[in-house]
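Q: One letter stands for each residue in the lines below.
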Amino acid sequence: MKCKKMRRLLPLLAGSELPESQIPPVRAHMEGCSRCQAEFEKYTVLVGQTREWLTESKIDWEEQEWQQSLRSAVNQVPQRKTALIPWPFPKAWAYALVAGAMLLLTLLVVQPPFVKQMGFWSESVDAAEMEEQEVVSMTMVSKETGLKIVWFFNKNFNLEENE
Amino acid sequence: MWMKDEDKLVEDVLQGKYSSFELLVQPYRKGFLNMAYRITGDREEAMEVCQDALLKIFKYLKSYKKGRSFKTWSYKVLMNTSYDFLKEKKKFKRVIDSQKSTSVYESSQIENKVWRKQMREKIQGMLDILTPKEKAVFLLRDNEGLSVKEASSVLGCSQISVRTHLSRARQKIITHFEKKHREMIREGKT
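Listed in order, the protein sequences are those of chains A and B.
Counting in the working numbering, the first sequence runs without a single skipped number right up to 163 at its last residue.
Counting in the working numbering, the second sequence runs without a single skipped number right up to 190 at its last residue.
Be aware that a few hints might be false.
To be verified - Simulated DEER-style distance windows between Cβ atoms:
{"id": "1", "chain 1": "B", "residue 1": "Gln159", "chain 2": "A", "residue 2": "Ala99", "range": "41 to 51 Å"}
{"id": "2", "chain 1": "B", "residue 1": "Asp12", "chain 2": "A", "residue 2": "Pro24", "range": "40 to 50 Å"}
{"id": "3", "chain 1": "B", "residue 1": "Lys8", "chain 2": "A", "residue 2": "Gln68", "range": "20 to 30 Å"}
{"id": "4", "chain 1": "B", "residue 1": "Lys76", "chain 2": "A", "residue 2": "Asp60", "range": "18 to 28 Å"}
For the record, the hints were derived by calculation from the structure and aren't laboratory data.
For glycine and all other residues, C-beta sits at the position ideal for the given N, C-alpha and C.
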């Protein structure tokens with residue numbers, strides 16, 4: 001291993017960040033290179049010193065400030081709304097149920113032809129169809145004699161003579 | 001704190017037990033503040049950043065994937081919040097306000113004040129010469145004690161990248177101190 005490569009690895013060896021596999025060749029190089037050995041010692045001192053400085057100059061929250069920060073974090077976020085109806089099943093099922101209900105409602109309102117053909121709803125007599133009817137008949141049956149009289153009316157409700 | 005405990009606390013918070021949120025973030029209370037403090041360089045700003053980060057952690061807690069480290073996830077939120085804060089303020093250079101930054105914690109003793117000021121200047125000096133990525137890696141490792149793997153997870157980069165930036169940061173710092181040392185000797189001689 002060359003000294004140039006060592007210069008990149010020594011700071012990591014000093015801070016214990018070098019992977020295990022790379023340590024033996026670095027150590028082996030240092031045994032035969034006093035310059036790299038000296039460099040390593042410098043880095044060891046530096047890492048120890050900087051960590052010490054950083055630790056010693058650490059700051060902390062005042063309890064009141066910390067509590068206030070926590071409170072504002074919890075309070076500024078909108079609270080979770082509780083469900084009106086408890087739903088123990090997966091949320092997707094609820095969405096599917098609502099979508100199904102809406103589809104059914106749409107079909108009821110629009111009533112496309114294929115739905116009519118399915119015969120779910122009884123057909124009501126259409127006023128237009130009534131107008132098209134040419135003749136209307138009325139039958140009267142006597143309780144006593146059983147005589148049956150049938151009257152035929154045309155579309156103008158005029159009595160038509162029975163042929 | 002074990003990951004399982006953290007997952008349980010996360011679950012509690014999501015269920016509406018907000019008192020668990022404090023237990024969840026309590027272990028990182030000091031770490032968050034110091035990390036933000038090193039990045040912003042000001043205690044008040046650090047507190048603002050932390051408050052914002054805590055809010056985001058609470059708000060996006062449902063996006064935290066169970067079984068992963070809450071520590072690295074929360075530090076990631078903090079780091080992003082810190083750099084967003086700096087971007088927003090267009091403040092890439094650290095500003096040290098010696099009076100404001102440590103007034104609460106500094107002892108009334110003058111000697112202690114002087115010592116702390118010197119310490120701050122030393123740390124400021126070495127952080128100022130680093131790039132944002134080098135600074136982040138250096139602080140996560142040497143200030144917060146995160147492992148290389150954890151740091152890579154926080155920063156969203158490879159472990160090789162973390163080692164490269166860390167090595168470069170230490171090389172820069174040692175060069176900086178050697179230069180300072182030479183200047184001091186020169187000034188002493190003249």
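Q: Give a verdict on every hint.
A: Verification of the supplied hints:
no.: 1; hint: B/Gln159 with A/Ala99: 41 to 51 Å; verdict: holds, 47 Å
no.: 2; hint: B/Asp12 with A/Pro24: 40 to 50 Å; verdict: holds, 48 Å
no.: 3; hint: B/Lys8 with A/Gln68: 20 to 30 Å; verdict: holds, 26 Å
no.: 4; hint: B/Lys76 with A/Asp60: 18 to 28 Å; verdict: holds, 22 Å
When each numbered hint is compared with the structure, no violation occurs for any of them.
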